[in-house]
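**Q** One-letter residues, chain by chain:
Protein chains: 2
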Amino acid sequence: MSQKSDDAKAVVRYDETVLRAFAADIIRALGSYPEHAEIVARHLVLANLVGHDSHGVFRLSPYTDFVEAGHVDPAARPTVERESTATALIDGHSAWGHAVAEFATEIAIDKAARTGIASVGVRNSFHIGRAGAYVLTLAEQGLVAQIFCSAEGAAFIAPWGGTDPRLCTNPIAIAVPTSGDPILVDMTTSVVAEGKVKLSRTAGKNLPSGWVLDRDGEPSTDPEDLYTGGTLLPLGGVVGHKGYGLGVIVDLLGGVLTGGLPGMMGPFLHNHFLLQAFDPATIIDRGTMEEAQERYFAYLRSSNLRAGVKEILLPGEPEQRAAAERKADGIPLDAGVIRSLDELCERLSVTPLATR
Amino acid sequence: MSQKSDDAKAVVRYDETVLRAFAADIIRALGSYPEHAEIVARHLVLANLVGHDSHGVFRLSPYTDFVEAGHVDPAARPTVERESTATALIDGHSAWGHAVAEFATEIAIDKAARTGIASVGVRNSFHIGRAGAYVLTLAEQGLVAQIFCSAEGAAFIAPWGGTDPRLCTNPIAIAVPTSGDPILVDMTTSVVAEGKVKLSRTAGKNLPSGWVLDRDGEPSTDPEDLYTGGTLLPLGGVVGHKGYGLGVIVDLLGGVLTGGLPGMMGPFLHNHFLLQAFDPATIIDRGTMEEAQERYFAYLRSSNLRAGVKEILLPGEPEQRAAAERKADGIPLDAGVIRSLDELCERLSVTPLATR
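Line order of the protein sequences matches chains A and B. Going by my numbering, the final residue of the first sequence carries number 364, and the count climbs one at a time with no gaps. Going by my numbering, the final residue of the second sequence carries number 364, and the count climbs one at a time with no gaps.
Each hint should be verified, as a subset may be incorrect.
A pair holds if it fits inside one copy or across any two, identical chains being indistinguishable in the list.
[Said to hold, decoys possible] Straight-line Cα separation of at most 20 Å, SDA-like style, residue types lysine to any residue; simulated pairs: (1) Lys204 / Ala362; (2) Lys204 / Ser310; (3) Lys335 / Ser62; (4) Lys318 / Arg90; (5) Lys318 / His249; (6) Lys204 / Pro275; (7) Lys318 / Tyr307; (8) Lys206 / Arg122; (9) Lys213 / Arg303; (10) Lys318 / Ala18; (11) Lys318 / Asp222; (12) Lys206 / Ala336; (13) Lys204 / Arg67; (14) Lys318 / Pro227; (15) Lys206 / His60; (16) Lys206 / Leu38; (17) Lys335 / Val246; (18) Lys204 / Gly248; (19) Lys213 / Ala121.
Note that these hints are calculated values from the structure, not bench results.
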């Protein structure tokens, strides 16, 4: 048993390997292929490791509900619908999203190895989790990568000037290989992820201003307003038309281009996405690029700091630090998450975390 | 003579063709190739047409200063430094930026026609103007296009948590072809373009909060603070780490990858950029895509409106409307701009606007 108690915060810390085996058992118990279960488990725990708990093992319970509601088909596998030397279109057939996205990532790696560049569209995947995970895999293979991830079955953001939800949080993630860990930007095109509003609602807290509008399009700090006809604001604050514009681009490239249905145009919790990669060595020698990157990073880090700030971080570094800390100290799960996982174990006859 | 007086606003309206010929005469008088002069003039007037006057003919005067200071070489032409089937690296050799970017755009079109996809890096170009213009050209050829545009010789934005300027406003522009005008997002990764702060300073007005920090990293509404050691904030407001992250990506892909020097790492007013394009027909039939786009646009437009808003616009529509209005009514230039252009005519012995 590798858990560590942390009474002060009512959390228990679990070793990543324990959590991974546990998550794979749950996904397998849902009738999934063992290799899909391994992939989903790896991605859920990876999200916890980098500190994005909203995409972590907490999802096992809602994912189970989505299997039962028919949004994900554990017996499905993705297929290639169309292909050229550098491009492909994949249908996910409602298979586990992490497995579909890994399939797309492997195809992108293969095509980029042949032609230096690849563009892979995917429709009808179940939830792929953290969009940044896949571009990071590509960057670890030495490729510059970008993903536009549209979502079906939910909408939170209004078109700029509107009051009705039409777009999802539609993340864009970009990763660039370096001599060390890749640089990673992984961001929603809304001001924050919808999960953060839900968290405030659960905690009974008000929101910061600039996050949501009520059903009449008036600014609000009440999280309840988002769930009673209101909307989440796009990225940008006073220049929110920029976030709206990026959100539309994500729907057009991730959703429409692949034959998917963005937002409430379709009924299932699906992701539709476009994954692009290219080999920077087609433009510049790898060593030359890495040396120039180091000089650039030193230039950024040479800035003086605002009061209370300890150091300049590069995009992706906060997640790398969380991962190092959690690999060493374990992944903290709070009592509410553990309770929901225990219930799930009972439902699926899987060994609970406490006795592993 | 095609000008129209508008005394109330102290502006004169000029026909686009008159302005284009005028701008080309100025650029030619600086010792430029006639074809480069035509391209620069076309892009400056196009910026005016779509309402982005900060990138319009007003630039002729500062551009002339930049020629004299050696930032642009009117006798230079871009060269291809490295090439593969789908990728290229171009050196701009300080040639006129609009001409360099058009050269890169043509290469991207040619490569995308062969392989369905293209990635073209460019270093050491003079100022390319509106980044959106080039992706729009690619989209008009039926291609999905994106540009990451880094800048050298200026810096306004601090790394997140810092107080010293290190990044330029680093725009990203993306265009998607449709059955009508392309969808276009063309945005700085700062909260606003630096020119808007300069405009407020000239007008003696305070800034909205959330635009700049003073030299100590404290919020300020005084435009002067940006020019005395302060910084412009990145896109995102409370989540400005997102704009900072995107700005770093733009420097890495536009600048470092191409062998350019981002921000104050280099002395010249240069742009370094990465232009990417792919043919959506490699993923989906053009007709199927366009029909699905129309359904998606109708879905967006079906939202109710916030108080005071007349309609939902798609990204790029505000610029299309400005262009239609200005094509019909002429391009308004204010007295200050006309005065600076008159002085330029005297300096370069070019026929002034008033006598054309």
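**Q** Now tell me, hint by hint, if it's right for this structure.
**A** How the hints compare with the structure:
1. Lys204 / Ala362: Neither way: Lys204 and Ala362 sit 28 Å apart in one copy and 59 Å across, limit 20 Å.
2. Lys204 / Ser310: This pair counts as neither: shortest intra-copy Cα distance 33 Å, inter-copy 27 Å.
3. Lys335 / Ser62: within (18 Å within a copy, 50 Å between copies)
4. Lys318 / Arg90: neither (50 Å within a copy, 42 Å between copies)
5. Lys318 / His249: between (33 Å within a copy, 15 Å between copies)
6. Lys204 / Pro275: So Lys204 and Pro275 fail the 20 Å test inside a copy (23 Å) and across (43 Å) alike.
7. Lys318 / Tyr307: within (17 Å within a copy, 46 Å between copies)
8. Lys206 / Arg122: neither (44 Å within a copy, 48 Å between copies)
9. Lys213 / Arg303: neither (44 Å within a copy, 38 Å between copies)
10. Lys318 / Ala18: Neither way: Lys318 and Ala18 sit 29 Å apart in one copy and 51 Å across, limit 20 Å.
11. Lys318 / Asp222: Only across copies: Lys318 and Asp222 sit 19 Å apart there, 37 Å inside one copy, limit 20 Å.
12. Lys206 / Ala336: Result: close neither inside a copy nor across copies, 30 Å intra and 50 Å inter.
13. Lys204 / Arg67: Only inside one copy: Lys204 and Arg67 sit 15 Å apart there, 44 Å across copies, limit 20 Å.
14. Lys318 / Pro227: between (33 Å within a copy, 19 Å between copies)
15. Lys206 / His60: within (15 Å within a copy, 40 Å between copies)
16. Lys206 / Leu38: neither (27 Å within a copy, 60 Å between copies)
17. Lys335 / Val246: neither (39 Å within a copy, 30 Å between copies)
18. Lys204 / Gly248: Classified as both: same-chain Cα gap 19 Å, cross-chain 17 Å, threshold 20 Å.
19. Lys213 / Ala121: Neither way: Lys213 and Ala121 sit 50 Å apart in one copy and 55 Å across, limit 20 Å.
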